[in-house]
Amino acid sequence: MNLKPEIKQLALANRSVRYVSIADVPGVDELPFSLRILLENLLRQASRGTDTQAEIDALLARRLGSGLSFYPVRVFGQDILGQVMLVDMAGIRDAVADAGGDPSRVSPKVPVDVIIDHSLQVDSWATPDARRINLEKEYERNGERFAFLRWCASSFEGVRIVPPGKGIMHQIHLEHIGKVVWTEQTAEGELAIPDTCVGTDSHTPMINGLGVLGWGVGGIEAEAVMVGKPVALALPEVVGMEVRGRLREGVLPTDLVLAITQRMRSMGVVGKFVEFFGNGLDALSLGDRGMIANMAPEYGATAVYFPIDERTMDYLRMTGREKDQIELVEAFAKAQKLWRSEATPSPTFDAVVTLDLDDIRPCLAGPRNPEDRLDLDTVPSAFLQHHQEIAGRPLDANRAVPVDGESFSLRDGAVLIAAITSCTNTANPVNMMAAGLVARKAVALGLKTQPWVKTSLVPGSHVTAAVLEKAGLQDALDTLGFNVAGFGCTTCNGGSGPLPDALVEAIERDKLVGTAVLSGNRNFEGRIHPNVRAAYLGSPALVVIYALTGSLTVDVTKEPIGTGSNGQPVYMRDVWPTAVEIAHAVEGAYEPGLFREKYADLFDGGEAWNALSGERSERFAWQDASTYVRRPPYFENLSLEPAAVQDIEGMRPLVILGDSVTTDHISPSGAISLSTPAADFLLAKGVEKRDFNNYTTRRGNHDVAVRATFANIRLRNQIVPGIEGGMTKLMPEGMQMRIFEAAEAYLRRDVPLAVIAGKNYGCGSSRDWAAKGVALLGVKAVIAESFERIHRTNLVGMGVLPLQFDPGTTADSLGLDGSELIDIPALAGNLGVSGRVEALVHRANGTTTTVPLTIRLDTEEDVAYWRHGGILPLVWRDYVRAKPEEQVSHSARPIQGDAAEPRHELPDAMPASDVPSSAQGCP
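1 is the number of the first residue of the sequence shown in my numbering; add one for each residue after it.
None of these hints come from the bench; they were simulated from the model. From a predicted model like this one, the values you see are computed outputs, not experimental measurements. We treat Cβ as the ideally placed atom computed from N, Cα and C, and that holds for glycine. Where hints are given, some of them may not hold.
Said to hold, decoys possible - Quick list of in silico lysine-lysine cross-link-like pairs, DSSO-like style, CA-CA up to 27 Å:
1) K4 x K334
2) K511 x K689
3) K685 x K137
4) K334 x K441
Unchecked claim - Label pairs and their in silico Cβ distance ranges:
5) D377 x D680: 43 to 51 Å
6) E249 x G158: 26 to 34 Å
7) T578 x R244: 19 to 27 Å
8) E508 x S266: 55 to 63 Å
9) R105 x A579: 27 to 35 Å
10) A502 x D680: 25 to 33 Å
11) N14 x K334: 31 to 39 Å
12) L814 x D375: 51 to 59 Å
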């Protein structure tokens with residue numbers, strides 16, 4: 001089919017806009033809505049002179065796995081990966097200048113928004129001053145980083161930075177930044193297009209709930225989009241989820257989301273699109289939809305799309321969007337067949353799942369993964385099993401541990417942290433009103449929070465805090481210790497802050513299994529707090545309940561949650577609000593004027609922000625002594641042409657890991673503990689322990705971040721069985737040592753490294769340092785049973801070769817113990833999309849095993865990136881070789897009518913190179 005792009009006019013009340021029509025494309029009614037957006041993108045490329053006919057044909061024929069070029073409208077990020085991304089951009093400017101090029105040409109070609117929300121830590125809590133104190137400490141710790149980001153806003157065209165203290169990126173995205181329909185000025189006039197994005201955070205799909213197609217990518221891939229390159233996308237399978245019925249009384253949106261997470265993770269949707277359909281969608285508010293989509297990375301889906309409908313329009317009106325924008329969204333969606341109503345025929349999906357809302361029950365999920373769902377009445381018995389697994393001993397209900405200076409004792413299962421946190425939940429009005437109503441009823445009955453529980457409330461936007469005040473619910477939350485502690489991403493990102501010293505001493509002395517209950521989206525091992533061994537996700541209302549009980553061993557569905565001021569037991573049913581009560585609270589508190597008021601100063605950071613340096617300049621003034629922001633090492637001594645592909649010979653396994661190894665295991669985000677390589681480095685630089693901050697905030701410095709790689713305190717490396725933490729053995733000696741030191745030793749010996757892993761390697765956050773770190777350690781290949789989508793892409797983007805075992809082949813079935821040498825021969829002849837190679841595993845006893853592997857380069861772009869040693873070297877070469885007139889973004893093209901080997905000094909940094917080989921370091 002030869003499709004010619006058709007440009008049409010859309011008449012609005014006060015203007016007319018042009019658009020590339022898809023409504024008349026044969027077969028469009030059968031396409032899922034998410035694929036219709038990809039179709040528009042391809043037709044729009046064709047209207048600008050790019051030949052996308054083969055890709056259009058593949059999409060319409062639904063040839064799964066076919067390569068598509070997708071140009072997102074914009075890039076959306078947070079201050080951690082967003083900062084790393086911009087550090088690399090500043091580094092490219094330097095590298096281009098050093099090569100004799102013009103650094104001013106290095107600038108984003110698409111709009112970029114970065115929200116500073118991942119640097120907040122709960123240092124102060126349960127006090128009216130907590131919000132002010134925590135923001136002051138955030139600036140005190142991160143002023144150097146913030147100054148760099150302020151420089152980026154002034155020195156890179158199209159970059160906007162939202163200062164600290166404004167909220168969580170995804171809630172701000174949903175409530176304010178997401179447009180649903182974007183417009184751009186072209187030579188022919190204003191062009192309307194679907195709002196699309198990629199984000200440097202894995203929970204970017206939350207915006208899918210608003211009808212905006214977007215997903216999380218690593219900072220490396222986002223950088224490619226920034227400089228005008230497309231996202232290389234293999235046409236995904238689209239799983240349709242049909243919604244039926246309504247939620248029962250007493251069931252909250254978090255319960256629904258955790259049930260979906262469990263079901264979709266067990267079904268297996270990694271790398272797929274999930275799209276909701278059916279008339280039951282009308283029962284899901286925008287808050288519900290955003291929550292469901294937010295959890296996409298927890299079950300592995302690339303996107304979780306909700307079509308534009310009346311619920312979308314209601315939300316745009318409620319959140320105070322401009323009248324003209326609301327008119328444009330509805331008119332454009334209807335003209336483009338991107339609108340869903342009861343009369344809309346259901347698209348054809350590759351698979352269909354039915355979701356009956358009536359089946360959902362109250363729950364928690366834990367102790368270490370969001371898909372570990374537990375019916376609420378099974379939590380105490382489940383915790384007994386979790387305790388046995390964690391502690392290696394049965395729980396003794398009579399064992400009480402004294403706490404120095406306190407009148408209470410601690411027991412296994414004590415809730416140490418109860419945190420209402422995360423954009424996943426605080427963006428949902430029903431969830432927040434329910435929590436406030438529980439608190440109000442509990443206070444009225446005389447209940448109090450247990451004294452060992454650290455409580456915090458960190459809303460995702462100022463609107464949420466304002467509506468709790470307006471509804472008269474914040475006072476009760478304050479009474480229970482849930483004072484607003486700031487606005488940002490805290491506990492579920494590892495920013496829970498310190499526990500009292502006396503508690504920590506008792507926990508560590510007696511090896512207690514402490515717990516946390518949080519309304520977050522992540523509870524991975526070692527993530528929430530070093531002294532929390534079991535963490536459980538739940539609704540904000542349940543967070544309040546468990547702050548009252550103070551223990552996971554209490555059955556809150558049957559046992560009292562406390563004793564009232566009258567001396568009588570109080571049960572959860574006594575404080576749980578009805579759906580009518582919640583609806584009344586929501587209707588009375590949320591209104592457009594409040595949203596307009598709170599977002600009017602979104603980009604105004606006030607006196608503290610304005611006091612930071614950040615004056616405009618062509619090149620950033622790097623400080624050699626900085627332990628936060630350093631010039632990246634990836635561009636040193638690069639050749640103008642990539643090196644020839646070489647076989648990989650003599651790899652040593654650095655780590656052998658099991659299933660579901662997260663990016664937190666690979667590159668942790670929590671506190672920097674003493675006796676770790678990163679801590680030793682900082683101490684050597686004169687940084688005192690109290691100023692370590694955390695791994696997350698130090699990722700702008702590669703010297704710290706590379707030392708954090710595989711430093712998670714809960715890592716289990718099978719080369720050193722029975723040991724937790726970042727340890728391995730140096731081979732062939734078999735000497736046990738820290739992973740970083742082993743990698744240094746292998747580097748000095750010029751020995752390439754491999755990572756061996758199980759299923760779902762790299763699940764979790766879209767953390768590019770989980771790829772950068774292994775690359776800088778000298779890892780040439782990761783051999784796994786399967787990969788999570790974003791992490792596989794990040795590995796390719798750093799020049800690390802992802803290789804996949806055939807089904808049934810595992811590290812255990814091969815009997816690998818780390819003493820092996822691994823070769824990947826004939827690589828040049830087999831390199832290609834999904835190519836096949838045979839690894840040779842040479843064992844210490846002299847035998848050799850041949851292991852078939854699939855090369856997980858899934859698109860031609862993947863192959864090109866890997867050949868160049870990663871995206872960054874390719875981008876540098878493009879800038880150095882290109883003429884100025886070639887540095888034009890894709891979106892700026894006119895519509896045509898209708899139609900070398902880097903080396904660095906040890907120990908500060910590890911080496912980089914063009915391509916993996918036995919004789920080169922890795923970028």
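- Query: Which numbered hints turn out to be false for this structure?
  - Reply: 4, 6, 8, 9, 11, 12
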